[in-house]
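Asker: Each chain is listed here by its residues.
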Amino acid sequence: MTTILTVDDSTSMRQMVSFTLKEAGYDVVEAKDGVDGLSKAKNSKFNLIITDVNMPEMDGISLVKALRAITRYKFTPILLLTTEAGPDIKQEGKAAGATGWLVKPFNPDQLLNTIVKVVG
Amino acid sequence: MSALETVDVNTNYDVGEGAENQYLTFMLMGEEYGVDILRVQEIRCWQTVTTLPNAPVYVKGVVNIRGSIVPVVDLRMRFGMEEVEYTPVTVVIVVKVLNEEGRERVMGVVVDTVSDTYIIPEENMKPAPEFGDSIDLTCVKGLATVNDNMLILLDIDRLLNSDELTVLERG
Amino acid sequence: MTIDLSQFHAIFLEESFEGLQVMESSLLNMIEGETDVDIINNIFRAAHSIKGGSATFGFSNVAALTHVLETLLDEFRSDKRIVTKDLISLLLESVDCVRDMLSAIQDGGKYNESSAIEVQNKLQQVLTGEILSINNPDEAEEIESDVQGWRILFSPYPSMLQNGNDPFRIIREIQSLGSVKIEVDLEKLPILAELDPEDCYLSWEILLHAAVSKDEINEVFEWVIDDCDLKIEPIGSDVVIQDTDNEIIEEMLSTAANARDDVVKGDQESESLSRLSPEVKHKRTTNSGSIRVGIDKVDEMINMVSELVITQSMLGQLGEDFTMVDIEKLKEGLCQLERNTRELQESVMRIRMLPISFVFNRFPRMIRDLSNELGKQVELRLSGEQTEVDKTVMEKIGDPLIHLVRNSLDHGLEKPDIRVANGKPEIGILHLNAYHKGGSIIIEISDDGAGLDRDKIRNKAIQNGLIADDDILTDEKIYDLIFQAGFSTADQVSDVSGRGVGMDVVRKNIRELGGSIVIKSTPGEGSKITIHLPLTLAIMDGQLVRVGDEIYIIPLVSIIESLQIKPEKVKSITGKMELYKLREEYLNITRLYQLFTLTPDSEDINDGLLVVVEGDGAKVGLYVDELLGQQQVVIKSLETNYKHINGVSGATILGDGTVAMILDVPGLIAISKDRAENTVERVA
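Residue numbers (this note's numbering), protein chains in the order written: chain A, 21 to 140; chain B, 470 to 640; chain C, 179 to 862.
A few of these clues could be false.
[Said to hold, decoys possible] With a straight-line Cα cutoff of 30 angstroms, these simulated DSSO-like cross-link-like pairs (lysine-lysine) come out:
#1 C:Lys615 with C:Lys706
#2 C:Lys754 with C:Lys615
#3 A:Lys85 with C:Lys634
#4 C:Lys409 with A:Lys124
#5 C:Lys821 with B:Lys565
#6 A:Lys52 with C:Lys475
#7 C:Lys409 with C:Lys475
#8 C:Lys258 with C:Lys574
#9 C:Lys851 with A:Lys124
#10 A:Lys124 with C:Lys258
#11 C:Lys754 with B:Lys565
#12 A:Lys60 with C:Lys409
#13 C:Lys686 with C:Lys475
#14 A:Lys60 with A:Lys124
#15 C:Lys615 with A:Lys42
#16 C:Lys634 with C:Lys392
#17 C:Lys821 with A:Lys137
#18 C:Lys409 with A:Lys137
#19 A:Lys62 with A:Lys42
#20 C:Lys821 with A:Lys124
#21 A:Lys62 with C:Lys475
#22 C:Lys366 with A:Lys94
If you are wondering where the hints come from, they were derived from the structure by calculation, not from laboratory data.
For clarity, every value in this text was computed on a predicted model and none was experimentally measured.
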């Protein structure tokens, strides 16, 4: 089963993502910020990680860097959820090792289309 | 708690499909009174109550009915009749009372014995005659005759929503 | 798939209100001319979350406003703009606006559209020159209508895999656009010994036959545009594309997928671990109150429940064939059960507890606005914000506290010139403090203002017929007058404390929570209001006492001490009113059987016991026949089926199933005072 970690400090966004993915049949684990996400990622194995960028404790970019440093997440797709569609944040994300991004606002269908592309 | 017995109305008394206009009757000093059976929650034996400070005399106190605190009213005393000592067969009828706002309250009424159930169609009910001010009949819904006996049908909401029982303002 | 987004609205609103609170308190901490990165980041993050959520959940008005707000904040963050007082005010105004919009969403009502537009315009004016539109104007789409297809040269850099991007995913996506012909270029593939499995050595030439725009193709490569050489060129209709056999593509894809899985398995830990992660699903509807519970609290309870289960099975086994030999084990088991129950109860109760900062946080803003309005200078000090309070208590204490703080500011604290004239510092101090004491929460509101005006209150009370003009009252009694219904200092109703509730309602609300309120005041030096509240409304520690045949419960928090009566310490006034000399104090003796019309064991004062209780700042000695045990009781309402009884706050069910009344100590003290006054009056 495809297991996805969704990291977002906003409970409503996180629940929306999680609910949508669960409805689509994925196994989903939620984390409330970068630190939480990293510790959950370390204790488990996810096929895909979706993270918000702007979060307290550890932001999304730092999380991506930290994850990429873990052997088993070296090639795991990591998507950034961002409202900043500008080139800066994308560059920063890419440089940190993010696979791609999804620009907010998005609806559940857009989310799923993207996820399906990445993990099938 | 062990002395407590609960009699389920529905098993001991034949309440058919059309429970409308059906009355549960009970005795008070040889007089037979009736209450709408749909308002009767259960019938219990008398059990010791906890008295309420400075309550009207006819409010005997409160009992615990499945975790709810339920006041118990002595109907003889409510009607100013002669007091009798309670025995193990003294019965408490637990009824649901609605106030004007439609809020439901549960109360127990102490009666001598439970008598019977009757179906009394609306048209067989006669109004109680006027007695001037001598007797308060506002809580009498009407009178009916069954087997030559007179039944006094009570309006339970009026009976148990009198001022002493409903003043909710705090001091 | 259709997902009803409205199910997330309640939680979105809840966290957005919290976010606004954070924004507001951070804004209040902002200092002119200084750029505190932490503060700005806090505000920015909150605004950002609200923006993201509102856009996602379709609240475009909120998204539009927060977007402009965020742009301005970003300028602070990047030092492009200096923090000024006006800007802080404008930002606070925007916070109000967003709150108004969100409240309208919550209640299904309307928000003040014109002020929202005004605020948004103001923000935009500040930002003139910036691009403000949240939606980038649709760029004219490049349509090459005569294009029959595209030749795509896709050469990933060796490092492309490192970002988790998969060339096969991209090829698969291109394939979904139309018919394709794919050729792989293996030229760069090194000999096996030199091959690094983490690098990508392949490149592809894809001929796509589809009427799609270049942008659509670019979109597929969006994430990898910097990780590859990409050339996309149109091909004319003369080129016929022979479909690459789908099976071949599938085979390529699945081989690749397997290879990837193999890498993954290399250092794999149990996948099932992830399923162990506890999750709490919040199902909410807009109006039912909800509490967010940390998973740690839930885990803690699960642990306790499991201990309880162990104890239960232990006791069960013991009961199977019990002999007196096992009595010690039984006692031990019961002790354990008691401990388990108490711990479980405490942690269940803890779920309902929230830090009082939820209420306190409203004040900095309120005080800022009010002091401007009133031309006063105030320093607000908050302490004990982390003190936890039951959620219900919290919800009900907010309005009374606001009223009290307003009062302090309006009537208590003086204007700067008057303060200076009286030798006080220009800036007044308002201190809000909260702490736990015994089983209670104490909230104190103190100021260093003028104190209560004794004469003014007295005159007002005489005017309103609350007291007679020859009544002699203690200070305490006079201060107490302001809590009476019908007492209002109507001639000076200002916009501040004149609106809303009176002090009588404040006291009523606090009493309804089982609490009490006391005011102390020194003319010229200030006032201090102390509120006592119970920790929780559901369970309390009680002292069981017996009067005649009846058992009553006195809340343990109200009891100061219980004592054997020493006859020489009982004094009387006019032979009617009994007092007890307790150290340096004289206490009114209240015989509970008299108040409640009961028959006691004995009416002789020397036979009973005195329980000294305190409520609303006053003490009395309750005369009872006997002290029984102490126990925790579950509070039940008498009003559900009956009505309120003076001197009784509720009832509970004892271990044997009988009902016992819980005494309302402040209520009893009030009754007892009235009786005492009547007695003395009759004598006089």
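Asker: Hints first: check each against the structure and report whether it holds.
Answerer: Hint check:
1. C:Lys615 with C:Lys706: holds (17 angstroms)
2. C:Lys754 with C:Lys615: violated (36 angstroms)
3. A:Lys85 with C:Lys634: The hint is violated at about 69 angstroms.
4. C:Lys409 with A:Lys124: holds (29 angstroms)
5. C:Lys821 with B:Lys565: Measuring from Cα to Cα gives roughly 15 angstroms; hence the hint holds.
6. A:Lys52 with C:Lys475: Since the Cα atoms of Lys52 of chain A and Lys475 of chain C sit roughly 16 angstroms apart, the hinted pair holds (cutoff 30 angstroms).
7. C:Lys409 with C:Lys475: Violated, at roughly 56 angstroms.
8. C:Lys258 with C:Lys574: violated (44 angstroms)
9. C:Lys851 with A:Lys124: violated (66 angstroms)
10. A:Lys124 with C:Lys258: holds (26 angstroms)
11. C:Lys754 with B:Lys565: violated (46 angstroms)
12. A:Lys60 with C:Lys409: violated (40 angstroms)
13. C:Lys686 with C:Lys475: violated (34 angstroms)
14. A:Lys60 with A:Lys124: holds (24 angstroms)
15. C:Lys615 with A:Lys42: violated (47 angstroms)
16. C:Lys634 with C:Lys392: violated (83 angstroms)
17. C:Lys821 with A:Lys137: violated (65 angstroms)
18. C:Lys409 with A:Lys137: holds (22 angstroms)
19. A:Lys62 with A:Lys42: holds (22 angstroms)
20. C:Lys821 with A:Lys124: The hint is violated at about 55 angstroms.
21. A:Lys62 with C:Lys475: holds (22 angstroms)
22. C:Lys366 with A:Lys94: holds (23 angstroms)
This entry does not satisfy hints 2, 3, 7, 8, 9, 11, 12, 13, 15, 16, 17 and 20, going by the numbered hints stated previously.
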